[in-house]
Structures are given as structure tokens and as C-alpha cells.
Amino acid sequence: MNLTDPTNENSAEPPNRELDSLITRHLDGGLNAAEQQHLAERLAASPAARRTLAAYLRLEGATIRLASAGQLAKPGMQHDPATAAEAVPGGLLVAARPELRRSRSMRRAAMAVAGGLLAAAVVGLLVTGLPRNEPRREGELDLLASRWMKLQREQQRDQSGTDAETADAAADGDDPASAAAPPPRWLVAALADEASNTASPDES
Amino acid sequence: MSDPRLIRDLLRHQSDFMAYLMAMVRDLDAAEEIFQNAAVVVMQYADGSGVEPVRDFRAWAKEIVRRQALHYLRAKGRAARFAPTEPELLEQIDRAFDEDNTDSVERQRELEALKDCASRLPETSRRMVAMRYEVRASFDDIASAVGRTAAAVQRSLSRTRRLLHDCVQSKMAHPRGMSR
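In order, the protein sequences belong to chains A and B. No gaps in the numbering here: position 57 of the first sequence is 57 in the working numbering, and each next residue is one more. No gaps in the numbering here: position 177 of the second sequence is 381 in the working numbering, and each next residue is one more.
Derived by calculation from the structure, the hints in this document are not laboratory data. All the pointers check out, no bait thrown in.
Between beta-carbon pairs, the in silico distance windows are:
hint	chain 1	residue 1	chain 2	residue 2	range
1	B	350	A	70	12 to 22 Å
2	B	256	A	18	36 to 46 Å
3	B	356	A	35	14 to 24 Å
4	A	51	B	309	14 to 24 Å
5	B	312	A	48	16 to 26 Å
On a predicted model such as this, the values are computed, not experimentally measured, just so you know. Yeah, the Cβ is synthetic: ideal placement off N, Cα and C, and Gly gets one too.
Starting from the given sequences, assemble the full structure and let the hints guide the process.
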């Protein structure tokens, strides 16, 4: 059975859903300042309201996680080609999104992801000659994380000597952290795989 | 000596922190940029010599993420895609996040429930959600794709969130109904 069609503007909604409505509209950027204040007051007054917000945040996180794995759309659904994921050795994925190249820091991020892909290819050959869904051992992921950190250090060292943009960024007052690179998606994918394949509740 | 476990733990909590950031900045690209900046700070800490062991990783990393978010909000100001989040609301978002002690097993069950619930959405709704989260399309772009106004898309996505929330909560309360 399908869920009710939410695109139907006339479909009835239970009357006691004001809190849910405020939260979801906030997450979509639809609340003005007064409505945000109202939501804040409701949250401050009620632990139950904060639990509801926390549930929506977990839903948001789960949605982001499904989206990262490409599991929101049905197979065969048409996507913007610019956002199509490119397969890399080892079966891990990285998205080639044009937005990542918009800003100076994002250009650096794209460079680092490219470097990460290279490392993934090498490490993939050395370490992860495993099928994608086969659980990896903890030491292997530690090695992946360690290799990534080493790569970042090398890139930062290289950039500090040769990249004139670094000086520009400092002159522009950019946050130093934004000059560095993001964790590559191949590493995120590997960790997500591992989390799915192990049931160790290590989160606090 | 470097400690890759901190990076590994941070990436394990990525979706958790991304959701927290989404509530603060309501922009997936911005949330990702902030998370990346926070990852660099964690990496630098992990890379330092003689680092103190982190007792409560989630709380420790959340504080780094929060500070990076506040830095971003101050830096962007009016240039941000959405109107700034009121300080009182930021405080309550923080509080709700801190108070949430849902463990990873339950989060995994919620993820499985969401998969099933999302598969039951009407095609147009699922398409809009996928465009929003997978493609990071703007409301205007989604509106063009589905033949609606941007405001209608925004309202529809908010209603879809509520439906998915109700569906997931229902499945969590009645686990027999969950599809595997």
C-alpha cells in the first residue's frame, strides 16, 4: 500500500501536527523569524517536543545516508548527468558534482578527492581486493584512514609551497580549515559498508 | 602519532552530524562544507603528538561541528541561501541533539524502515526527494522538473518528511510490519 500523496495540497492532515509542520518547514527553509521563535519556545518548554525534533534529525540523517548510497530513486530513474557517480577501482564511489568546483576551497576539495581516488586505487589493490559487500576487517579500514591522512599531509605540504591560492586565501581571511580537503567518499562508503555489516553499537 | 580512529569515528557519525548541520543551516551543500571543515580539525587533532584520549566522541566532535557551523554562519551572513536560524532555535536544536541517545542498532532499524517507507511513496514525491538529496537540486530546479511552483515543491517536501516520519515511527513501534 502506498503512502498518501503528499503532493495533494487538499489532502487532510491531523490537527495536532503543528510541531511536526514547524520542524519540517524549518528543515526546508520555510520558517520566518517569528515562526522560528515560536518553534524554539515549543522546544524549550517540552522534552517531548525535543524528542520529536531528534526523531526528525535522525530521519534526515538516514535520508542523507540513503541518498549517498543512491537508494532513494528507483533504478533507471533519470538523473542530471553532471551528478552521476563515477565508479572507481574497488567498486567504491565518488560523486563528480559541479558545485564542488564552485569555490576556492571546493576546488581544493575536488583535487583532494582526485588524490583520494588515486590512493583508493592503490590501497584497493593492496588491501581491498574483496567484493564490495564483503565485510572488511577493522585494521584494513584503519589503514585506509591512515593512508588518507598521509595523503592529506602530503598535499598540504605541496600546496603550501606551490599554490599561490593559499596566500590569496589567507589574504581574503578564509578559514584555514576550508583550505584543506574533505574526507573522500570512497572512505565514507567503506565505513558505511562496515557499519552495515557489523552490529557493534559503538555510538554513544 | 596519528590516530585514524578519530577520523573513522567521525565518518561513522557523518549522517548524524549532517542532519544536525542541516537543522542549523538548511542547505546540504553548506552542511557538507562545514562537515568537511570539521573533519579537517579532527584530522589535525588526530595528527597531533601526545593527544588526550577522547572519552565521549560524539559530544567532542559535535562541539567541533557546532563551532565550525557558527563560524560559517557568521562568515556567510546574508549571503547564505536561507535566512539565518534564530539563536534561540539553534540552542534548542543543540539541546535536542545532545539529549538524543538513540543507539546505532536502533538507528539501523530506522534506516531499514525508511528504505521501506520511501519505496511506498508516490513516484512524484520520491522523485522530488531524490532530486533534493541525491542531486542537491534547488526548489526551482525541482519545480521545473515536476511542473509545479517552487513554493508547492517546498510544501510538498515538508509533507513528505512528515509522512516518512510517521511511517518510520509506526514501523519502529510495530516491528512485525517491517519488510526485510
